[in-house]
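Colleague: These protein sequences, in sequence, are chains A and B. So the first sequence is numbered by the working numbering: it starts at 1 and just counts up by one. So the second sequence is numbered by the working numbering: it starts at 1 and just counts up by one.
Quick caveat, the hints were computed from the structure, so don't treat them as lab data. Since we're looking at a predicted model, the values are computed, not measured. Glycine included, every Cβ here is placed at the ideal spot set by N, Cα and C. Treat the hints with caution; some may be incorrect.
Claimed, not checked - Ranges between beta-carbon positions, derived for each pair:
#1 A:Asp20 / B:Ser235: 56 to 62 Å
#2 A:Tyr13 / B:Ser232: 24 to 30 Å
#3 B:Val246 / A:Asn8: 45 to 51 Å
#4 A:Arg129 / B:Leu366: 48 to 54 Å
#5 A:Glu198 / B:Leu245: 24 to 30 Å
#6 B:Ser232 / A:Gln25: 26 to 32 Å
#7 B:Leu315 / A:Asp20: 32 to 38 Å
#8 A:Glu27 / B:Asn237: 35 to 41 Å
#9 A:Asn8 / B:Ile386: 33 to 39 Å
#10 A:Glu110 / B:Ser235: 42 to 48 Å
#11 B:Asn302 / A:Gln125: 30 to 36 Å
#12 B:Leu245 / A:Asn8: 43 to 49 Å
Claimed, not checked - Derived BS3-like pairs (lysine-lysine); straight-line CA-CA distance at most 27 Å:
#13 B:Lys9 / A:Lys140
#14 A:Lys133 / B:Lys168
#15 B:Lys9 / A:Lys152
#16 B:Lys339 / A:Lys140
#17 A:Lys134 / B:Lys339
#18 A:Lys152 / A:Lys140
#19 A:Lys152 / B:Lys5
Unchecked claim - Selected chain B positions facing chain A (Cβ under 8 Å, derived; list incomplete):
#20 Ser10
#21 Glu221
#22 Lys224
#23 Arg225
#24 Asn226
#25 Ser228
#26 Gln239
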Amino acid sequence: MTIVNVENLVKRYSDVVALDHFNLQIEAGEVFGLLGPNGSGKTTAINCMLQLLSFDKGSIELFGQPMAPTRYDLKRRVGVVPQEIAVFDELNVRENIDYFCGLYVDSGAERAKLVDEAIEFVGLQDYVRFRPKKLSGGLKRRLNIACGIAHKPELVFFDEPTVAVDPQSRNSILEGILRLNREGMTVVYTSHYMEEVEQICSRIMIMDHGRSLACGTQDELVRMVSTGEKVEIEVADLSREALGALDSLAFVRRVEYDDKVLKLLCDNGPHNLASVLGLLQERNVAFGRVYSEPPTLNDVFLEITGKELRD
Amino acid sequence: MQVFKTAIKSFFRHPIYLLVYVVWLSCMGLFMGMSVNELPADEYYERPSVAVINRDEGELAQALESFLLEDVDVVELADSERALQDAVMQQRAHYIAIIPEGFTDSFLSTVRAGDESALPSIQTVETSSAAAIVMMDNLANEYLNVARSYALAIPDAGVSEIVERTGKAMGHEADVRVVNIDNGSSFSGGMMLYLKFASYTLLLSIAVCSALILAQFGRDEVRKRNLSSPLSVLSTNLQLGAACLVMMLICWAFVAALGFAVYGGRMEGMSPGAVTGLLGALLCYALFGLAFGFLVGQMTHNELIMNAAANITGLVLSFLGGAWVPLDLVGEPIVTLAKFTPTYYYIEALNSSFEATGAALPAGALANMGVVLLFAMALFAIGLAIGRLRLARMGAWNGSSTRALSRPAA
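I would like the entire structure built from these sequences, with the hints used as guidance.
Modeller: Here it is, written out as structure tokens:
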């Protein structure tokens, strides 16, 4: 079942096109990653889906129904964890979670149970009476998450929830998101951290300048690009002639030899490594350790957008 | 009611504002009011210091001396030029009467001879123009006029008889009773000062607290979270409005209750209309404070700026309105400027309310309260416009937009 269906979404801020005929389909049960550099339109896309922003063109459907600012029935099924910490400084941890959960759940008894579960889920049991100012950055992020998921939504938007978080808290957050997914929540996860998206997302969309550049599973994305494996070989001595021979191989896109390490960037192909090693043996070039690495999401991103992910 | 409860909770989580702006400032106004010198009319009597130098041994002169020295602070003065100069210089006596030698005989003979132009007089020195001193002079003249009347009316009466009759006549006292008329005139001046000062207290406390509540919910991140929830914008705004209103009523009730509790004992003669008018004027000004807080809350979420804006505006408005300095003492340009401030009309409403004699409010008080409310409405409208403008700039749905539904893909 398609949970999110966005078609031809256009959003302009004066002359700047934040979303340019943006399309997105997310199926139930997915952990969907929106990957893009800062300013690529990820947050704008989420805000439009949540009807926090008006848009110039296009359509948005959630749970198979048109989404609108007044579709409170649909909003009730959605949770959001914004990029910034969105809590009240005057309320303590428990009161904050209770407030945001109370926007969705009227029953006090049911809410109390859900709040307890959310506190336990994010591991803030020891801090329930703390006000946000007393919490560390990581704990605040956990509180931010608890406020967004306490009412057990069917669809949760996580907008860069790990920005400025230490590695330990980041792992904890990512594991938590996977757990939520296992419990049945569909997750939309935006980030500009490649490794996070690789770690948790079942499908990924790469976007930049408000456009969807590629979408699929990680394997599908890797297959979409011509970048193949990266080969590194320790070579004590390599003649210019041998280097030229390597460079002339059809599948080699780039070759470098520096500090006794030979680096080759190859196109996709089944026997790249064997061919390279065969050539070195033919020319009696002695070599030591050999490393071969398949293309990463970073390579995909680099090839698609022509640039590194900005931080 | 989540928003309402949380807003009220937020309000009470800032006890320092309540203590400083509501309690402390109210107490300050109270102390200022208490510093006003208020003595009940029946307890008031200014005793002048009087000296009489009597150079006549006659019976009339002695009687006049005794009369002048009744109910005054008697100052003993030597009958010398130097002593008189010193007394005047040092203001030891406010009123000095000198009865010349042979005054009694000369007075009676001249009166009975019908030669008014030769009538002897007593010399007087007045070192002050206070009412009590003028009164002393009037009393001395009156005594001699009465004595003259008896001397003319009873030609064969001796000095003793004239003195006795004059003493009796002057001893008559009118039966005076102090009555509080229902026009509020007996009402405490201290309360008036307290209520004027309350313009600052109310504006500051209500504006800062309401701006703070609105800012909590107006922060972009929290606002987005609220907007993405099933709670409607209308419901959120209504709950926020209700919370601000409750907070305003708490501040208003505290300020009013404190004033009436402290000065209530001196309000016996006040009409119900006057009391209603005072409370109404306070309430109108509190609403103005709320509108100002709404405006500030739309413009900034920074606590420091909120405090600065409310403090500076409160001080300026209170000064211009006449809360600190009576407008009679300032120049015409300031008075003209004051008429563009709500505080001016608030204080006018207070003054009009004091004059209420019955259960009904004077029309002047109602009109002035209306002007204060108009100021409040104007600020509220500006605040709304700023809020809308900000949302429009962000490209956000504004809650009442007609573009509520997603459009079909082109």
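Colleague: Determine which of the earlier numbered hints do not hold for this structure and return their numbers in increasing order.
Modeller: Violated: hints 1, 5, 7, 10, 14, 16, 17, 26.
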